[in-house]
Amino acid sequence: MSGHGNGQRMMGIVTTQGVVLEASSLPKMLARMVRTRRVMAPVKRGRTAFAFDWIDDPAEVALGYVRTVLPPKKAILPAHESILDFSLEPTQTAAPIIDDEPFVLFGVHPCDMSGITQLDWAFSRNVKDPHYLARREAATIVALDCMPDEYCFCTSVGTAGTRDGADLFLTPIGTGFMVDVLTAKGAALLEEAPALREPSAEELAEAEAWPEEKARCITRRIDGDIADLPDILERRYESDVWNSTAERCYSCGTCTIVCPTCFCFDVRDEVNLPLTGGSRGRHWDSCQFLDFALVAGPHNFRGKRGSRVRHRWLRKFEYLHREYGRPFCTGCGRCTQACTADISLTDVLNEIIAEVNVGVT
Amino acid sequence: MRSAPESTLEEPDQRLYVPEMARIVSAEDLTEFERLFEIRLPEGRDLEHVPGQFVQVSMFGFGEAPISLCSSPVKTGSFELCVRRAGGLTAALHGLGAGDMVGIRGPFGNGFPIDRMQGKDVVIVAGGIGMAPVRSLIQHILADRDSYGRMIVLHGAREPDLLLFTDEIESWGSDDRNEILLTVDKPVEGWDGHVGVITTLFPRLKIDSPSSLVVAMCGPPVMYRFVLLELRSLRIPEDQSFLSLERNMRCGVGKCGHCQVDHRYVCVDGPVFSAAELAHLHEGI
Numbered sequence: 226m227s228g229h230g231n232g233q234r235m236m237g238i239v240t241t242q243g244v245v246l247e248a249s250s251l252p253k254m255l256a257r258m259v260r261t262r263r264v265m266a267p268v269k270r271g272r273t274a275f276a277f278d279w280i281d282d283p284a285e286v287a288l289g290y291v292r293t294v295l296p297p298k299k300a301i302l303p304a305h306e307s308i309l310d311f312s313l314e315p316t317q318t319a320a321p322i323i324d325d326e327p328f329v330l331f332g333v334h335p336c337d338m339s340g341i342t343q344l345d346w347a348f349s350r351n352v353k354d355p356h357y358l359a360r361r362e363a364a365t366i367v368a369l370d371c372m373p374d375e376y377c378f379c380t381s382v383g384t385a386g387t388r389d390g391a392d393l394f395l396t397p398i399g400t401g402f403m404v405d406v407l408t409a410k411g412a413a414l415l416e417e418a419p420a421l422r423e424p425s426a427e428e429l430a431e432a433e434a435w436p437e438e439k440a441r442c443i444t445r446r447i448d449g450d451i452a453d454l455p456d457i458l459e460r461r462y463e464s465d466v467w468n469s470t471a472e473r474c475y476s477c478g479t480c481t482i483v484c485p486t487c488f489c490f491d492v493r494d495e496v497n498l499p500l501t502g503g504s505r506g507r508h509w510d511s512c513q514f515l516d517f518a519l520v521a522g523p524h525n526f527r528g529k530r531g532s533r534v535r536h537r538w539l540r541k542f543e544y545l546h547r548e549y550g551r552p553f554c555t556g557c558g559r560c561t562q563a564c565t566a567d568i569s570l571t572d573v574l575n576e577i578i579a580e581v582n583v584g585v586t
Numbered sequence: 180m181r182s183a184p185e186s187t188l189e190e191p192d193q194r195l196y197v198p199e200m201a202r203i204v205s206a207e208d209l210t211e212f213e214r215l216f217e218i219r220l221p222e223g224r225d226l227e228h229v230p231g232q233f234v235q236v237s238m239f240g241f242g243e244a245p246i247s248l249c250s251s252p253v254k255t256g257s258f259e260l261c262v263r264r265a266g267g268l269t270a271a272l273h274g275l276g277a278g279d280m281v282g283i284r285g286p287f288g289n290g291f292p293i294d295r296m297q298g299k300d301v302v303i304v305a306g307g308i309g310m311a312p313v314r315s316l317i318q319h320i321l322a323d324r325d326s327y328g329r330m331i332v333l334h335g336a337r338e339p340d341l342l343l344f345t346d347e348i349e350s351w352g353s354d355d356r357n358e359i360l361l362t363v364d365k366p367v368e369g370w371d372g373h374v375g376v377i378t379t380l381f382p383r384l385k386i387d388s389p390s391s392l393v394v395a396m397c398g399p400p401v402m403y404r405f406v407l408l409e410l411r412s413l414r415i416p417e418d419q420s421f422l423s424l425e426r427n428m429r430c431g432v433g434k435c436g437h438c439q440v441d442h443r444y445v446c447v448d449g450p451v452f453s454a455a456e457l458a459h460l461h462e463g464i
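Chains A and B, in that order, give the protein sequences. Going by my numbering, the residue at position 318 of the first sequence is 543; the numbering climbs one at a time, nothing skipped. Going by my numbering, the residue at position 156 of the second sequence is 335; the numbering climbs one at a time, nothing skipped.
Since no wrong hints were added, every one of them can be taken at face value.
Capping the alpha-carbon separation at 25 Å, the derived lysine to any residue pairs in SDA-like fashion look like this:
#1 A:K353 with B:R194
#2 A:K439 with A:L295
#3 A:K353 with B:D192
#4 B:K365 with A:G522
#5 A:K529 with B:F405
#6 A:K529 with B:R443
#7 A:K353 with B:L226
#8 A:K253 with A:R270
#9 A:K529 with A:I578
#10 A:K269 with A:P397
#11 A:K353 with B:P191
Rather than coming from a laboratory, the hints here were simulated on the basis of the structure.
Whole structure, please, built from the sequences with the hints as guidance.
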């Protein structure tokens, strides 16, 4: 990953070093943005929770969050979206629904940025998904560096410094943010900032020190080299850990719903009230649900909870890992924090790794 | 580490998930549960499928489901689907007849490896509705009969009334290079044929040279488990037996995750796998 002050990456944009955006200028910048396009940013929900949501008023934006309940993937892959409209008139017709209206996704932490680049890969490889990619193209993404809590383990999966996929990258400094311009889109967005100034040497040093400081605060980790995980999981396919984890799991699907890299979906039709037409929607689905691998018969290919639990870990750390070249996980900690049964993603992985280390076969 | 979208040199197809509307030319009930549809795409365009591939069939308002092609690509101008009534969508499809429209996406998947069968004896094992996909293969072989050796078809069903394409089966047997073996699970009055699960037909197979033989099968997982044991005892190489896996494909293009079997996607990497490939898949059958 590139360091600070090294914003030149794409499209011939050259910034020799970052520029400073004062915190006091941010509301004005956001106000200008919301006038011209949709803006999704973190907002506070209740006493302790944060959520990404479409904003009208810059005052709603709450950048001092650790993690949102749902990741910002929902801006690009909504929980529910219509992918086509159909007519039920005698000559039935259908037309795709492509949402390519420009928007800004503001305040995305590096782990979630990594989640988006992982989904970019999933929806681009082999066959390109027009609905996802249209939204992705329409997005201008402003990333924001973060400070972790006890659930974060981004340093274990190599996502702590993710800048790929972002257009602007913000690092908090004393009076505001060090802004690195990563793309032409980012440069264009930054023109909406009212006042930018050159950073001082102290400010550059402060921004420079952020990643190390952040890494120091992380306490949760995967034991061992992540490159070994596919082989380890393959060897421990029959591990008792899957069943002991399943004994606690409720198959509620929360872990997959809050995951920034889960992208499985179901497809369902909805008909309008006069019954003249309707739309076909795709909806987030979960491999943890009992009917996920059910076919007529009925045959359920993952009818046992242990097989569904195992599938989740294997998909992220073995199957997709082998194809993508690294874990399909961002280290965001959402699944562990949100789990209704207190199951920890890293603890389960570490139990499996420990089995291999002590030579269990 | 890979990252970000590759340059969008190739634009995504905006109609990736949009079915093409096709007209039902004819429809008839084959059994209490199965209905056969002949379907014509606009301008009679051919699907250009391979036996063993499937299409996603839509009925707007009800949804979409994967259905195997049941006719050979040799048949032009239209194609056939044999639909078992199993859920809401398929029940609705059973209500359709000639002149009605359905949506079609595809064909998807890999299909049976026709090339591997040429010049070989072909054993086809079909359990119940599993006859539908292999009928496409059988028709393909019959249309180019001299390119193949013997063709032996084993077809089993719970009861005689559920055997599929029995009229055609009789005509297949008229060529002495073809052998047809039928069985039903339970004896029924009026049935004087073989009784027993499909593997009980195997002792009747006369196999001279297991290495010059290819097996294609389609049926429920339990059938595969027992047939694979038979094939092993007959010393038929695992890379010469092929089977079609059934899964709940929602998208057909390797995205939705429903048809994943270990690291493979049945809709893209299958539905046809060799027994050798299957041996490396925990979740296959």
